[in-house]
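**Student:** Spelled out, the chains give:
Number of protein chains: 2
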Amino acid sequence: MIRILIDGMGGDNAPAEIVKGAVLASKEIAQKRDDFEITIIGDDEKIKAELSGQKYDASKIKIRHASEVITGEDSPVKAIRRKKDSSLVVGLEMLKEGEGDLLLSAGNTGAFMAGGTLILGTIPGIERPAIASIYPVIGKEASLLVDAGANAECRAENLLEFATMGSIYMKTVLGRDNPRVGLLNIGTEPGKGNSLTKETFKLLEKSFLNFVGNVEAREVPYGASDVIVCDGFCGNVLLKLTEGLAFSIMGFLKKKFTEGPIAKLGAAMLLGKLKDIKAEFDYSEYGAAPILGVSAPILKMHGSSNAKAVKNAILRGIPYAEEGVIAMISAEMEKVAEALEDEHQ
Amino acid sequence: MIRILIDGMGGDNAPAEIVKGAVLASKEIAQKRDDFEITIIGDDEKIKAELSGQKYDASKIKIRHASEVITGEDSPVKAIRRKKDSSLVVGLEMLKEGEGDLLLSAGNTGAFMAGGTLILGTIPGIERPAIASIYPVIGKEASLLVDAGANAECRAENLLEFATMGSIYMKTVLGRDNPRVGLLNIGTEPGKGNSLTKETFKLLEKSFLNFVGNVEAREVPYGASDVIVCDGFCGNVLLKLTEGLAFSIMGFLKKKFTEGPIAKLGAAMLLGKLKDIKAEFDYSEYGAAPILGVSAPILKMHGSSNAKAVKNAILRGIPYAEEGVIAMISAEMEKVAEALEDEHQ
Chain A
1 MIRILIDGMG GDNAPAEIVK GAVLASKEIA QKRDDFEITI IGDDEKIKAE
51 LSGQKYDASK IKIRHASEVI TGEDSPVKAI RRKKDSSLVV GLEMLKEGEG
101 DLLLSAGNTG AFMAGGTLIL GTIPGIERPA IASIYPVIGK EASLLVDAGA
151 NAECRAENLL EFATMGSIYM KTVLGRDNPR VGLLNIGTEP GKGNSLTKET
201 FKLLEKSFLN FVGNVEAREV PYGASDVIVC DGFCGNVLLK LTEGLAFSIM
251 GFLKKKFTEG PIAKLGAAML LGKLKDIKAE FDYSEYGAAP ILGVSAPILK
301 MHGSSNAKAV KNAILRGIPY AEEGVIAMIS AEMEKVAEAL EDEHQ
Chain E
1 MIRILIDGMG GDNAPAEIVK GAVLASKEIA QKRDDFEITI IGDDEKIKAE
51 LSGQKYDASK IKIRHASEVI TGEDSPVKAI RRKKDSSLVV GLEMLKEGEG
101 DLLLSAGNTG AFMAGGTLIL GTIPGIERPA IASIYPVIGK EASLLVDAGA
151 NAECRAENLL EFATMGSIYM KTVLGRDNPR VGLLNIGTEP GKGNSLTKET
201 FKLLEKSFLN FVGNVEAREV PYGASDVIVC DGFCGNVLLK LTEGLAFSIM
251 GFLKKKFTEG PIAKLGAAML LGKLKDIKAE FDYSEYGAAP ILGVSAPILK
301 MHGSSNAKAV KNAILRGIPY AEEGVIAMIS AEMEKVAEAL EDEHQ
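The listed protein sequences correspond, in order, to chains A and E.
Numbered continuously in this note's numbering, the first sequence closes out at residue 345.
Numbered continuously in this note's numbering, the second sequence closes out at residue 345.
Among the hints, erroneous ones may be present.
Treat identical chains as interchangeable: a pair holds within one or across any two.
Claimed, not checked - For lysine to aspartate or glutamate, the following EDC-like pairs were computed, each having C-alpha atoms within a straight-line distance of at most 20 Å:
1. K240 <-> E189
2. K32 <-> E141
3. K256 <-> E93
4. K84 <-> E157
5. K202 <-> E93
6. K278 <-> E189
7. K256 <-> E141
8. K140 <-> E259
9. K62 <-> E153
10. K62 <-> D276
11. K255 <-> E141
12. K62 <-> E157
13. K171 <-> E141
14. K240 <-> E216
15. K254 <-> D276
16. K198 <-> E153
17. K192 <-> E73
18. K78 <-> E189
19. K96 <-> E243
20. K254 <-> D85
21. K192 <-> D74
22. K78 <-> D177
23. K60 <-> E285
24. K240 <-> D282
What the hints contain is simulated information worked out from the structure, not anything from laboratory work.
Only chain A is shown next, with the shape it has when bound in the complex:
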């Protein structure tokens, strides 16, 4: 039995697309298994109104009423402390009380992070939870970027935590054996970078991970490593720039390819190929980003998620709860702590 909790009120398209996505997911899961339910958390009336337009199995989709909403403008920690009946806080409390197995939200990232840490706590040995985001690699399997923006300031020990968690997630949930872990840096040689990357390099070298060394940003789009480790500031820059640049190139192509009749005809002949390229950057396919390090499975969906993105987020989120990733991270961090202790003796 898997009990999926979803914040019905978070994100740009809530509750409409969240509800539609949940219904789509319920239909797809039902084709494979019967032991599941999805609880949509939020304004009872609004969610009912959205559901009323949909065909769905009422035994699989439930509503849990929550009267408040945390918005994108809310200050994270304050919102968690004050909006006790918000969909996000109610969802986190349900997860804590064992009324669900995982929680997804497209809402305020900072509040989700803060709420996860405050209400659920972190895994022993993890100081800082991190967002692990799929990084699209054209024509190949994607990489996993940790941290994608949760921690603007980090110590080397945090980056070792990110690497360990990312490696376990990549292996267990995304099915890549012995994932190659690379450190984002501004040069490939060991001595390169700033004090953070220099120190992190030494920790990763001594770790149990399949560390492949420094990775330059130039190589990231080619899939330089399965897991890319960096602080949340650089991770966010990397991810947002990729999004912006891919869209700007696509936009320019579109403009150029509609200049004049010959170009238009040529573009028509390439339509299928152009769609293939667009699909490579379609975040709605990736699923949600787990907030690794929190002691229960929570996943952040893209703020502008549509129904398809919500559906994929739910489907791809299930293994995070069912494969025992959190117990694995906990065990691994214990091993890391023991190794450090041995070294200090």
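We have chain A; now place chain E onto it with these hints.
**Tutor:** The following block gives chain E in isolation, referenced to the frame of chain A:
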């Protein structure tokens, strides 16, 4: 009279492409003015051998012999101290002694930075020189990224220096009036980011610059600001990722567009348009990156510069020497220091 010095031995394609580029530049400059000369510094025999295959005006192209070469593997400071007769050190000494007005090199960036600082010194008020690199904006005028990789670790005061220098260079050399200065950050609101960006935001807000606030990486490819300010680690990540991603998208297009006869025909009809897109990312058009803050004009060329890139680097480098940029930076930093003093009183 402008006396151009160029390191004949630095970069992946030296001396062949450097020499060819210098000859091309001499021909293009000669169409507009007669008061110039280009001195190629490096191994006399090798440079002569390259020149022997070229048609050129010997009164405009000179050679200055230097017996040593600083390679990409050399440790910057050590190389500057030990290889006294390297083309790079000889070039910097010539500039110092007034035997030239600007120096270009495609060689070891770290050594060029270190040599510039050690031999030429920095402009009063500038603690850290920075590399200012053109950032291509599709379909629009380019932005200027400072620092593009010289300083992996920075204080807020350094970023204020970068912003001031970048703004003056953008206005004076690239001709953009009242350039908009943006701070690379992971959110647009003033309180966002890490301690460095938070502190820098406050300094830029109080500055004399046309500060437009935080700029997210997503907006950078759209030309969010004329000058983009960040530490050298993030700047390098931004620049390298842009290069890597643009090439990987182009490579994928090429692959897709040659799959099957219909695609090939369509691509043939779009050939001109595809070339337009490629041209947007053609670094050989941009010219070289000035190392701002050093007290004489030095410019770093891309390591893999071909003759065309060398030619453009020379042509576009001239205004840096002739427009009095360094005196302007010096005057502006004095103004900044006075303002800070007034504030503290």
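**Student:** Hint by hint, say whether it matches the structure.
**Tutor:** To see whether the hints hold, each was checked on the structure:
no.	hint	in the structure
1	K240 <-> E189	between (26 Å within a copy, 16 Å between copies)
2	K32 <-> E141	neither (25 Å within a copy, 53 Å between copies)
3	K256 <-> E93	neither (51 Å within a copy, 49 Å between copies)
4	K84 <-> E157	neither (33 Å within a copy, 42 Å between copies)
5	K202 <-> E93	neither (39 Å within a copy, 39 Å between copies)
6	K278 <-> E189	neither (35 Å within a copy, 31 Å between copies)
7	K256 <-> E141	between (29 Å within a copy, 17 Å between copies)
8	K140 <-> E259	between (32 Å within a copy, 17 Å between copies)
9	K62 <-> E153	neither (40 Å within a copy, 51 Å between copies)
10	K62 <-> D276	neither (37 Å within a copy, 53 Å between copies)
11	K255 <-> E141	between (29 Å within a copy, 17 Å between copies)
12	K62 <-> E157	neither (41 Å within a copy, 55 Å between copies)
13	K171 <-> E141	within (13 Å within a copy, 44 Å between copies)
14	K240 <-> E216	both (17 Å within a copy, 7 Å between copies)
15	K254 <-> D276	both (14 Å within a copy, 13 Å between copies)
16	K198 <-> E153	both (15 Å within a copy, 12 Å between copies)
17	K192 <-> E73	between (38 Å within a copy, 13 Å between copies)
18	K78 <-> E189	between (43 Å within a copy, 17 Å between copies)
19	K96 <-> E243	neither (34 Å within a copy, 45 Å between copies)
20	K254 <-> D85	neither (46 Å within a copy, 53 Å between copies)
21	K192 <-> D74	between (39 Å within a copy, 14 Å between copies)
22	K78 <-> D177	neither (41 Å within a copy, 43 Å between copies)
23	K60 <-> E285	neither (23 Å within a copy, 60 Å between copies)
24	K240 <-> D282	within (14 Å within a copy, 23 Å between copies)
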